[in-house]
Amino acid sequence: MARSINSSVPIFSWEKMDNETSDLEGQIRQRTHKVAELRERGMNPYANDFRVTHAIAEVPRDPQQLPPEPEIAADAPRYAVAGRLLQMNEKGKVAFLFLRGDGGEMIQLFVKIDYPDAFAVMKELQLGDIVGARGAMFATRIGKAAMRTEQLRLLTKAIRPLAGKLLGGQEIKDIEARYRHRYLDMISHPEVVEVFRKRARTISEMRRFFDERRYVEVETRMLLSTNGGATARPFRTHHNTLDVDLYLRIATELDLKRLVVGGIDRVYEIGRIFRNEGMDRFHNPEFTSIEFYQAYATYEDLMALTEELLERLAIAVAGTTEISFQGQAISLRRPFRRISMLEAVLERQPDLPEVQRSGLGLVEAFEAHVEPQLIQPTFVTHFPIEVSPLSRRNDRDPKMCDRFELFVVGKELANAFSELNDPLDQRGRFQAQAVLKQAGDAEAMDYDEDFCQALEYGMPPTAGEGIGIDRLVMLLTDQPSIRDVIPFPQLRPEGG
RNA sequence: GAGCUCGUAGCUCAGCUGGUAGAGCAGCGGCCUUUUAAGCCGUUGGUCGUGGGUUCAAAUCCCACCGGGCUCACCA
565 MARSINSSVP IFSWEKMDNE TSDLEGQIRQ RTHKVAELRE RGMNPYANDF
615 RVTHAIAEVP RDPQQLPPEP EIAADAPRYA VAGRLLQMNE KGKVAFLFLR
665 GDGGEMIQLF VKIDYPDAFA VMKELQLGDI VGARGAMFAT RIGKAAMRTE
715 QLRLLTKAIR PLAGKLLGGQ EIKDIEARYR HRYLDMISHP EVVEVFRKRA
765 RTISEMRRFF DERRYVEVET RMLLSTNGGA TARPFRTHHN TLDVDLYLRI
815 ATELDLKRLV VGGIDRVYEI GRIFRNEGMD RFHNPEFTSI EFYQAYATYE
865 DLMALTEELL ERLAIAVAGT TEISFQGQAI SLRRPFRRIS MLEAVLERQP
915 DLPEVQRSGL GLVEAFEAHV EPQLIQPTFV THFPIEVSPL SRRNDRDPKM
965 CDRFELFVVG KELANAFSEL NDPLDQRGRF QAQAVLKQAG DAEAMDYDED
1015 FCQALEYGMP PTAGEGIGID RLVMLLTDQP SIRDVIPFPQ LRPEGG
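Position in the first sequence (first residue = 1) + 564 = our numbering.
FYI, nobody ran anything at the bench for these hints, they're computed from the structure.
Here a beta-carbon is modelled for each residue, glycine too, at the ideal position from N, C-alpha and C.
Be careful, since some hints might not be right.
[Claimed, not checked] With a straight-line Cα cutoff of 30 angstroms, these simulated DSS-like cross-link-like pairs (lysine-lysine) come out: (1) Lys687 x Lys655; (2) Lys687 x Lys598; (3) Lys657 x Lys687; (4) Lys737 x Lys762; (5) Lys676 x Lys657; (6) Lys598 x Lys657; (7) Lys676 x Lys598; (8) Lys655 x Lys708; (9) Lys655 x Lys598; (10) Lys676 x Lys687; (11) Lys963 x Lys1001; (12) Lys708 x Lys676; (13) Lys1001 x Lys975; (14) Lys737 x Lys1001; (15) Lys762 x Lys963; (16) Lys708 x Lys657; (17) Lys687 x Lys708; (18) Lys655 x Lys676; (19) Lys975 x Lys963.
[Claimed, not checked] DEER-style ranges, computed between Cβ atoms: (20) Arg772 x Ala996: 38 to 44 angstroms; (21) Asp666 x Ala640: 19 to 25 angstroms; (22) Asp738 x Asp844: 18 to 24 angstroms.
Sequences are here, hints too, so could you generate the full structure?
Here it is as structure tokens:
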């Protein structure tokens, strides 16, 4: 079962290249020879002295506003742009090229023999090359914007031919290839890039949201000798100098609460979490969470804050609170529904047996019958104490705790509670975890003595919350799999 | 971990009631001064995932293995 990390180093060999007979190798060899040939003729195939003056998005490309080519004014503005060559239609003494640049913006180049230098360069280009062009814009006879290319430069030679759809070709359908060679996926499917842009927007907007509220962003340790803060199996690693085994964190919770004890009343961390568990559409072994903690607040305050946050993110990223996820209409407009776990289960099973009305039985019934049905955003509150080793006991019902989870499209999106700050209670909960661990529960938390001591010094009443950012981005960008919002999702190691 | 399913040219696929491989796109050579999935002529390229087996003969049937996908289980 154990598989070592792949450390093979491919050896480049001209002889091997020249002896290869496959079509792909033949194309690579042909393009490699092209590079040498261009160098011999004094053309640098990897030139970096071309100055771009405009992003393609900044170039006027509305044909209504552009003159026909023969009427380009002598002093018309010139634009220097660059991008990847995606299509080339040669028509004898004239050629049309399509470039795609940053942001997926396209521009059409018109290269004609009247500009012999540019024309000669065009003859050397191949699909996939990165090129720079300078010229004036006009409208073609069929009413499309194009740049009369007066200067054309090869900026980077593509040695390996691009696979799949560029413009009008076939899509790459091999899902493995798309994730393993994400750059190909992005070249072939510009909408993939848009998802990553939206992911970035989600996170930056989130930062802004918390910064505005005087939260302090921190980065806590990822390598830990005690593991806690969530129920999950950890990854193990080893520190050579200390000669000690360490865990990769499964949550940021305990360190953030230590910081609250230390006096940062509002703190958050956005960062990677690692859980050594199964993978599917909603789970990647490493994923990104935000956890935030606010002193002198309760989980109820966080419900209001969460509503505000999600509504704002939806507008910032999707442009509206009324989004669609995999064909289901979802409204992220405030307020969200709130219901206790027991009420939620009773709604569907009024005759619920007594043993299922509390403790693990209740959670089981909830997960089996209710969770998948919670399509619209719903806060579920009042969790049994057994599944919440770090949350504050409810003052009226000591079997329950002051906690909520937010569910959307049948999946947990956020988890929050009023934090347990009674050190004696916390020690008892850790002990219960230790018992589970001894009984073989690999997901049980370690007894964290230092954390208990921190609480003994006194943590103000605090509420904290964690949100899975990957799932949130899936929701906001309507992506069916977590792999679609992570640039390099976990796959099996390549090869045997 | 279990079930289902798939693995043929760089990409997308056809061929699979067994007779040693095809198309479109891409590539290469040629023609074309306003095209836009341009067109036309010519052309390269595959030990059909790997290894066994059945057979005169296997991409095609059988078995095993490797890899992918989906579903379930596990998992917040």
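Each hint, compared with the structure:
| no. | hint | verdict |
| --- | --- | --- |
| 1 | Lys687 x Lys655 | holds, 12 angstroms |
| 2 | Lys687 x Lys598 | holds, 12 angstroms |
| 3 | Lys657 x Lys687 | holds, 11 angstroms |
| 4 | Lys737 x Lys762 | holds, 23 angstroms |
| 5 | Lys676 x Lys657 | holds, 6 angstroms |
| 6 | Lys598 x Lys657 | holds, 22 angstroms |
| 7 | Lys676 x Lys598 | holds, 23 angstroms |
| 8 | Lys655 x Lys708 | holds, 17 angstroms |
| 9 | Lys655 x Lys598 | holds, 22 angstroms |
| 10 | Lys676 x Lys687 | holds, 11 angstroms |
| 11 | Lys963 x Lys1001 | holds, 22 angstroms |
| 12 | Lys708 x Lys676 | holds, 16 angstroms |
| 13 | Lys1001 x Lys975 | holds, 27 angstroms |
| 14 | Lys737 x Lys1001 | violated, 44 angstroms |
| 15 | Lys762 x Lys963 | violated, 41 angstroms |
| 16 | Lys708 x Lys657 | holds, 19 angstroms |
| 17 | Lys687 x Lys708 | holds, 23 angstroms |
| 18 | Lys655 x Lys676 | holds, 9 angstroms |
| 19 | Lys975 x Lys963 | holds, 25 angstroms |
| 20 | Arg772 x Ala996: 38 to 44 angstroms | holds, 40 angstroms |
| 21 | Asp666 x Ala640: 19 to 25 angstroms | holds, 24 angstroms |
| 22 | Asp738 x Asp844: 18 to 24 angstroms | holds, 20 angstroms |
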